[in-house]
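Asker: Here this note's numbering is used: position 252 in the sequence shown is 252, and no number is missing along the way.
Since the hints were derived computationally from the structure, they do not count as laboratory data.
Where hints are given, some of them may not hold.
Said to hold, decoys possible - Under the rule of at most 25 Å between Cα atoms (straight-line distance), these lysine to any residue pairs were calculated in the SDA-like manner: (1) Lys328 x Asn181; (2) Lys148 x Ile124; (3) Lys297 x Gln275.
Remember, predicted model here, so these are calculated numbers, not experimental data.
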Amino acid sequence: MYIKEIALAGLLHDIGKFYQKARQTPINNIGGHPKVSKEFIKTYFDFFNNYVDANVLMEFVARHHEQYFEEEFLAGKGDEKIKNYTYMVAIADNISSKERDENQFGKKDFRVAPLDCVFNRVDILNKGNKQVLSYRSGTYNVQNIFPKEIEKNTDYNNEELVKGFTDKINLLVKNPPKNFNHLMIVMDNLLKKYIWCIPASSQDIVSDISLYDHLKTSSAIATSLYLYQEHINKINRNNINNDKDKYLLVAFNFSSIQNYIMMASNCNKKGVSLQLRSRSFFVDMISEAISIKILEKFNLPIQNRIFLIGGKCFILMPNIDEYLIEFKDLMKQI
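Given these sequences and hints, build the entire structure.
Answerer: Here you go:
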């Protein structure tokens, strides 16, 4: 009934955190981030209403917390008709946030706190890694993906990011995707480009989890949870929040890829570089095509493809016996 709204809400529930990074934005960014996320949906209400029930989407986005906020932003205080579905987004948010170290809070200016490099935690020689590397705010490109020693970002960097993202959304409104799946793909790409460098939580001592990754996994978890609860026909608060295994992580992997790619070294020396790139591209495209076929088979958005690189892919889906059987049969066909 609400699978599209839940998937999109999972992807956009914390968009308010991004808009709060800038001091001047086209939407009202005053208040808690759930309120700002709601303002984002409200600003582009007509656009989102072309693909989902925008009123329901706004409710899911605003009420993705179970505590710590005013009643108008709590999952348990919403519309009775959709409250149980609202909990799915809140639970997905909680599960996706479990990687954060809740006992390691630090005092940072949330506007300019950078995303820390995950390798800051690595201490091979066990001497205490004192070097802290972080990512400067900027779009996802080869110049920005290498971490540096920086204490904070600048307001200017964040203003530019927010402006760039908003400009792209406005362009999307004028040239809308033709269906919901295309919308999810485009939104995923935009979020990756502009939000990859924003920490999901800027108050942790080590803030090394990207807001983009948090939004993507929240969407995947919420979608899988919805499909599981719908399958067992139990859409109620107690059942949704129990600890039963509800998720299934499936994978495929091309073996001997390295051998296939490196066979190019047997070619004429002048053609080795071209052969290596073309074979690597071929593997990537085959993997992409197979993953899309799996997602379409099980009616999953692109966000449920958790990982895809080098011929290896992981996809999150509901832990339903029929799904696993059909997945195995599909892989045999492929």
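Asker: Hint by hint, say whether it matches the structure.
Answerer: Results for each hint:
1. In summary, the hint linking Lys328 to Asn181 is supported, as the alpha carbons are separated by about 24 Å, within the 25 Å threshold.
2. For the proposed pair Lys148 and Ile124, the alpha carbon gap of about 20 Å is at most 25 Å, so the pair holds.
3. Using a Cα cut-off of 25 Å, the hinted pair Lys297 and Gln275 is violated, with the two alpha carbons roughly 33 Å apart.
Consistency note: the structure conflicts with earlier hint 3 alone.
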